[in-house]
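Enquirer: Chains as they are written, first to last, in the working numbering: chain A, 1 to 365; chain B, 1 to 269; chain C, 1 to 308.
Hint data in this document are derived by calculation from the structure and do not stem from the laboratory.
Incorrect hints may appear among the rest.
The calculated lysine-lysine pairs, modelled on DSBU-like cross-linking and capped at a C-alpha distance of 35 Å, are [to be verified]: (1) 74/A with 63/C; (2) 63/C with 167/A; (3) 315/A with 226/A; (4) 214/C with 101/A; (5) 214/C with 107/A; (6) 107/A with 74/A; (7) 101/A with 305/C; (8) 36/B with 64/B; (9) 305/C with 74/A; (10) 112/A with 63/C; (11) 101/A with 63/C; (12) 107/A with 63/C; (13) 63/C with 120/B; (14) 214/C with 20/A; (15) 201/C with 167/A; (16) 305/C with 107/A; (17) 20/A with 63/C; (18) 112/A with 65/A; (19) 74/A with 201/C; (20) 305/C with 167/A.
Coverage of chain A stretches by chain C, computed from C-beta distances (three or more under 8 Å per stretch; other residues unrestricted) [to be verified]: (21) 65-74; (22) 78-90.
Some chain A residues well away from chain C (every beta-carbon gap over 12 Å; in silico) [claimed, not checked]: (23) 47; (24) 57; (25) 103; (26) 129; (27) 166; (28) 182; (29) 198; (30) 251; (31) 285; (32) 286; (33) 303; (34) 306.
By construction, the Cβ of each residue, glycine as well, lies at the ideal position given by its N, Cα and C atoms.
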Amino acid sequence: MSYLQLENLHRQFGSFQALKGIDISLGEGEFLSLLGPSGCGKTTALRLVAGFDRPNAGRIVIEGKDLAGVPPNKRDMGMVFQAYSLFPNMTARQNVDFGLKIRGREKADRSKRVSDLIELVGLAHASDRYPHQLSGGMQQRVALARALAIEPRVLLLDEPLSALDAKVRVQLREEIRRIQLELGITTLYVTHDQEEALAISDHVAVMYGGVIEQMGTPSEMYTAPKTPFVAEFIGTMNRLEAHIVDGAAGEVEHAGNRLRIDAARGRSNGERVLILIRPETLDLQAAGNGTTANGNSLIAEVLTQTFLGPVTRLKMTGGLIADMSTARASALPVGANVVAQVPTEGVQLLTLADDEALPDIGEGT
Amino acid sequence: MRLRRPRIAPSAVVWLLIAGVYFFLPLYATFDFSLKKNAVGAPCCTLHNYGWVIHNGDFWHTIKISFILAIETIAISLLLFVPTIYWVHLKVPKLRPVLAFMALVPFVVPPIVMVVGLLKTFKGTPSWFYGTPWGFLATAYVILAFPYTFFSLDAGFRAIDVHTLTEASQSLGATTMTTLVKVILPNIRTAALGAAFLTLAVVMGEFTIANLAAFHTFPIFLQYVNESQGFPAGALTLLSFMITWGAMLSLLLVGRKRGARGAVIAGAR
Amino acid sequence: MADAGRRVGISTEAASQALRPDLASGRRRLSLAWVATLPFFAYTIAFLFLPAASVMVGAFQDKNDHATFSNIHLLFQHPYIDAYWGSLRISLVTATLGCVVGLFVAYAAIREGTPRWIRSVLTTFSGVAANFGGIPLAFAFIATLGPLGVVTTWFRNAGYDTSVRWPHFQLFSERGVEVAYLYFQLPLMILVIAPAIDGLKREWREAASNLGAKQWQFWRHVGIPVLMPSFLGAFILLFGNAFAAYATAYSINQGQNIVPIVIGNYYTGNVLDNPHLAQALAFGMFVVLAAMMIVYIPLQRRAAKWAK
Numbered sequence: 001m002s003y004l005q006l007e008n009l010h011r012q013f014g015s016f017q018a019l020k021g022i023d024i025s026l027g028e029g030e031f032l033s034l035l036g037p038s039g040c041g042k043t044t045a046l047r048l049v050a051g052f053d054r055p056n057a058g059r060i061v062i063e064g065k066d067l068a069g070v071p072p073n074k075r076d077m078g079m080v081f082q083a084y085s086l087f088p089n090m091t092a093r094q095n096v097d098f099g100l101k102i103r104g105r106e107k108a109d110r111s112k113r114v115s116d117l118i119e120l121v122g123l124a125h126a127s128d129r130y131p132h133q134l135s136g137g138m139q140q141r142v143a144l145a146r147a148l149a150i151e152p153r154v155l156l157l158d159e160p161l162s163a164l165d166a167k168v169r170v171q172l173r174e175e176i177r178r179i180q181l182e183l184g185i186t187t188l189y190v191t192h193d194q195e196e197a198l199a200i201s202d203h204v205a206v207m208y209g210g211v212i213e214q215m216g217t218p219s220e221m222y223t224a225p226k227t228p229f230v231a232e233f234i235g236t237m238n239r240l241e242a243h244i245v246d247g248a249a250g251e252v253e254h255a256g257n258r259l260r261i262d263a264a265r266g267r268s269n270g271e272r273v274l275i276l277i278r279p280e281t282l283d284l285q286a287a288g289n290g291t292t293a294n295g296n297s298l299i300a301e302v303l304t305q306t307f308l309g310p311v312t313r314l315k316m317t318g319g320l321i322a323d324m325s326t327a328r329a330s331a332l333p334v335g336a337n338v339v340a341q342v343p344t345e346g347v348q349l350l351t352l353a354d355d356e357a358l359p360d361i362g363e364g365t
Numbered sequence: 001m002r003l004r005r006p007r008i009a010p011s012a013v014v015w016l017l018i019a020g021v022y023f024f025l026p027l028y029a030t031f032d033f034s035l036k037k038n039a040v041g042a043p044c045c046t047l048h049n050y051g052w053v054i055h056n057g058d059f060w061h062t063i064k065i066s067f068i069l070a071i072e073t074i075a076i077s078l079l080l081f082v083p084t085i086y087w088v089h090l091k092v093p094k095l096r097p098v099l100a101f102m103a104l105v106p107f108v109v110p111p112i113v114m115v116v117g118l119l120k121t122f123k124g125t126p127s128w129f130y131g132t133p134w135g136f137l138a139t140a141y142v143i144l145a146f147p148y149t150f151f152s153l154d155a156g157f158r159a160i161d162v163h164t165l166t167e168a169s170q171s172l173g174a175t176t177m178t179t180l181v182k183v184i185l186p187n188i189r190t191a192a193l194g195a196a197f198l199t200l201a202v203v204m205g206e207f208t209i210a211n212l213a214a215f216h217t218f219p220i221f222l223q224y225v226n227e228s229q230g231f232p233a234g235a236l237t238l239l240s241f242m243i244t245w246g247a248m249l250s251l252l253l254v255g256r257k258r259g260a261r262g263a264v265i266a267g268a269r
Numbered sequence: 001m002a003d004a005g006r007r008v009g010i011s012t013e014a015a016s017q018a019l020r021p022d023l024a025s026g027r028r029r030l031s032l033a034w035v036a037t038l039p040f041f042a043y044t045i046a047f048l049f050l051p052a053a054s055v056m057v058g059a060f061q062d063k064n065d066h067a068t069f070s071n072i073h074l075l076f077q078h079p080y081i082d083a084y085w086g087s088l089r090i091s092l093v094t095a096t097l098g099c100v101v102g103l104f105v106a107y108a109a110i111r112e113g114t115p116r117w118i119r120s121v122l123t124t125f126s127g128v129a130a131n132f133g134g135i136p137l138a139f140a141f142i143a144t145l146g147p148l149g150v151v152t153t154w155f156r157n158a159g160y161d162t163s164v165r166w167p168h169f170q171l172f173s174e175r176g177v178e179v180a181y182l183y184f185q186l187p188l189m190i191l192v193i194a195p196a197i198d199g200l201k202r203e204w205r206e207a208a209s210n211l212g213a214k215q216w217q218f219w220r221h222v223g224i225p226v227l228m229p230s231f232l233g234a235f236i237l238l239f240g241n242a243f244a245a246y247a248t249a250y251s252i253n254q255g256q257n258i259v260p261i262v263i264g265n266y267y268t269g270n271v272l273d274n275p276h277l278a279q280a281l282a283f284g285m286f287v288v289l290a291a292m293m294i295v296y297i298p299l300q301r302r303a304a305k306w307a308k
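If we strip away everything but chain A, and leave its shape as in the complex, we get:
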């Protein structure tokens, strides 16, 4: 039986539907990320679990018990907010101690536990500082220690790293995961950063417009996105609109080119589909003069090169994106004509409704 369950949660604000019925199930000790853009409902869902808000319909069940009517201060959950949550009039140590003090624990016990936690988050040298004397990253470490001090059943984190510098973010997310694994605490993590979610979660639930688009392991989400939104949101994806020309042979037509895709086999002719190709799987070769597309390939011209360190990203005509090692990319400068080899297998195909438009995520990473 699952440890924490969200059943058919609905939440409406006036005429705006923030959550349109979501179902999530977490096992004990599991780390689940709610991933999605602003306004998708992920923070709303988290706040419902924490008890700061009440759902219009649906229930939240923990260890078999329904949490309806249970106020936030009795739910035994630890929450880490995005920012500003440390009590300014208390030192780091006093902040961590707060939950224990409220519960009336003995001073000696409290002192030991607080020290242990402060050690755990690596802030032993700064425990007597006030929040305004701590950097953003340090503040969030204190917030984490404070949430963990009360030995909560569930750890809730609301975009805890969004307000921090990039390097600190990467460092801290590793620590959060390390601590979570060490303590084995069931964790619900909200973020809009897909790299973050993929890096540290056991499972990821991608949300959009108040519903869960897809839930699965990070690797499932990356290699096998089930909806156009998920495909675009997670990592970068080449999205090619096409239609089936020969379902038996698995042939599709895209922008006048015939391509053979394994996933197209068995589909009905004329069906509108979306071909999803990860940039690193698109193989590029310099086009000889007058080379036409042969086999499974598309011809394009390099429009931009973006240096990303070990990898360089090439953007081409036709909306194509390819990632390759920087060394190889130097042979394909801007303006060069290239032949992009489309792999037959490992390429996703999604059905598009007749009038379905592609969700616009904007320039993502």
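Take the given structure of chain A and dock chains B and C to it, following the hints.
Expert: Frame of chain A, contents of chains B and C only:
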């Protein structure tokens, strides 16, 4: 479980009601008195008192004096403080805390104490200064309004980048004076206006110094009417309120345009 | 060619002169800088510090301008010492009431659940009402709570004489003055404390609740400590405000035994036999206000030790 937007807490309603009643009643009572002729049980309502005020020579005489006094105080204040604060912000920022400290002195040396000192110190001075409101009173009022004018103007100067503006202006060939008048002043207009309205409220309501120094200003006239008349005082009080409110609301509106925060509190106690 | 070069040379020199005139002429410019502030200092010295100093000095002089403590000694006698107590009582009462009630009213207007417009109206009104005072305010209260006042008459018409029965209220008394003073003390508090209440982040409440705290525990451990520096600052402000007030009390009850009125008597009541006594009284006021600041400011600093 259907949830509406959070409702107002019952305790909040209680407190707000108490405050509302407390603030409203005296205003209502003043208005009520102003509409009665001259007896308690008299039937409502007459504009007799308002007529009395409007036709009263002393009313116009004193309100003119107070108003001119206010303008004079504002003029002297701005002429004295704007260049000084500008200069301090620009060249001698170390003096700024000194100025801020001095602006707090009138708080520890209240008007009642100040007027005692002023009367003593300037006793022997010529009568065009000591004996007229345009001399003695205006001078005192500039000091009285100093905390409010200073903090208003200082906030205005802090909100603009004095150095960049000055350097830009000078690199285009302007003299310091031109810079001050054509570049700086327009940019602190809100703060200066705020200071002006505050000073107006202060001067139009100042009683302590005027009373002890025996000058015949509008608040003095108000008190005289309070003591001697009664119901006409209601109309007069209401008119006096209007003036103060007008000044303060103008201050708030002017401040709101630039998003300035915090009303400063003048004294008319 | 050479001409153009020279022109360029001149203009860059002129530009650098304009940009940093103080550097251009070195030290001389620096001392000139603060000279420009002389008119200001001259004015404030002449019309603020000199008069204040002369009051301090005059307090210790007798009729023949000899040094003496006799004036100060008199301050501790009746009725002058009573005047100080009267002033202190009124100031403490109105400051405390103003601070406490003001806090509750401001919080009621700002907290979640209260419609936004209520807060707007309250702050606007407070901005205006904090400047009420003096003669007009006195009349307003006479019209409300005086013997012929609107409220007094309502009660009397209903058969209940409030001056005879509880609360035995008379406007022309210390109590009456206090009630009137609240009309500008309350708004002053609201204006000062509102930004501090705004500063109470919603995340602190939620975090506290999440960690198991009940409402009162939040206020005790976080809310009140965070508000305390502003609260203490407001208290000093309200105290000084009431202590220095003259016009309102004068207009309500000329015989009210508070220091400003006693001082005023020496100038308006034509009782000028010892002007140095008036100066001593003024000096005494200064001492009380300074003492108040000396007590409260360190207290406030300590309450704010966790702040930036």
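Enquirer: Please go over all the hints and tell whether each is borne out by the structure.
Expert: Hints versus structure:
Under the criterion of a C-alpha separation no larger than 35 Å, the hint pairing residue 74/A with residue 63/C is inconsistent with the structure, at around 75 Å. Annotation: proposed proximity of residue 63/C to residue 167/A is violated, straight-line Cα distance about 78 Å (limit 35 Å). Annotation: proposed proximity of residue 315/A to residue 226/A holds, straight-line Cα distance about 25 Å (limit 35 Å). This hinted pair checks out: residue 214/C and residue 101/A have alpha carbons roughly 12 Å apart, not beyond 35 Å.
Pair hint residue 214/C plus residue 107/A holds up; C-alpha atoms about 20 Å apart against a cutoff of 35 Å. As the CA atoms of residue 107/A and residue 74/A are separated by approximately 22 Å, the hinted pair is consistent with the 35 Å bound. For the proposed pair residue 101/A and residue 305/C, the alpha carbon gap of about 22 Å is at most 35 Å, so the pair holds. Restraint check for residue 36/B and residue 64/B: satisfied, since their Cα atoms lie roughly 27 Å apart, inside the 35 Å limit.
The hinted pair formed by residue 305/C and residue 74/A meets the criterion: a straight-line CA distance of about 32 Å does not exceed 35 Å. With a CA separation close to 73 Å, the supplied pair residue 112/A and residue 63/C exceeds the 35 Å bound. Restraint check for residue 101/A and residue 63/C: the C-alpha separation of about 66 Å exceeds 35 Å, so the hint is violated. Of the supplied pair hints, the one linking residue 107/A and residue 63/C is violated, its CA atoms being roughly 68 Å apart against a limit of 35 Å.
Distance hint between residue 63/C and residue 120/B is fulfilled; the C-alpha atoms sit about 14 Å from each other, no more than 35 Å. Note on residue 214/C and residue 20/A: the hinted pairing holds, with a Cα-Cα distance of about 32 Å set against a maximum of 35 Å. Proximity of residue 201/C to residue 167/A is assessed by CA-CA distance (about 27 Å); at most 35 Å being required, the pair is judged to hold. A hinted pair counts as satisfied when its Cα atoms are at most 35 Å apart, and residue 305/C with residue 107/A qualifies at roughly 24 Å.
Our distance criterion of 35 Å between C-alpha atoms is broken by residue 20/A and residue 63/C, whose separation comes to about 89 Å. With a C-alpha separation of about 32 Å, the suggested pairing of residue 112/A with residue 65/A holds against the 35 Å cut-off. Between residue 74/A and residue 201/C, the direct Cα distance comes to roughly 21 Å. Compliance with the 35 Å bound is thereby established for this hinted pair. Distance check on the hinted pair: residue 305/C and residue 167/A sit about 32 Å apart at the alpha-carbon level, within 35 Å; holds.
For the region 65-74 of chain A, the stated coverage by chain C is satisfied: 4 residues place a CB nearer than 8 Å to a CB of that chain, which reaches the threshold of 3. Only residues whose C-beta sits within less than 8 Å of a C-beta in chain C count toward coverage, and the region 78-90 of chain A has 11 of them, enough to reach three; the restraint holds. Not every CB of chain C lies more than 12 Å from the CB of residue 47/A, the least distance being 9 Å, so the non-interface label is violated. Non-interface call for residue 57/A relative to chain C: holds, since the shortest CB-CB distance, roughly 23 Å, exceeds 12 Å.
Not every CB of chain C is more than 12 Å from the CB of residue 103/A (nearest about 6 Å), against its label as outside the interface. The claim that residue 129/A is not at the interface with chain C is violated, since a C-beta of that chain comes within 12 Å of its own (minimum 10 Å). Non-interface call for residue 166/A relative to chain C: holds, since the shortest CB-CB distance, roughly 23 Å, exceeds 12 Å. No Cβ of chain C approaches the Cβ of residue 182/A within 12 Å, the least distance being about 21 Å, so the stated non-interface status holds.
With a closest Cβ-Cβ approach of about 27 Å to chain C, residue 198/A is found to remain outside the 12 Å limit, as its non-interface label requires. The Cβ of residue 251/A sits about 56 Å from the closest Cβ of chain C, beyond the 12 Å cut-off, so the non-interface label holds. No Cβ of chain C comes within 12 Å of the Cβ of residue 285/A; the nearest lies about 54 Å off, and the non-interface call holds. Non-interface status of residue 286/A relative to chain C is upheld: no Cβ of that chain comes within 12 Å, the nearest being about 52 Å off.
Residue-level check passed: residue 303/A sits 44 Å from the nearest beta carbon of chain C, beyond 12 Å. Even its closest Cβ contact with chain C, about 38 Å, leaves residue 306/A beyond 12 Å, as expected for a residue assigned away from the interface.
In summary, the numbered hints that this structure violates are 1, 2, 10, 11, 12, 17, 23, 25 and 26.
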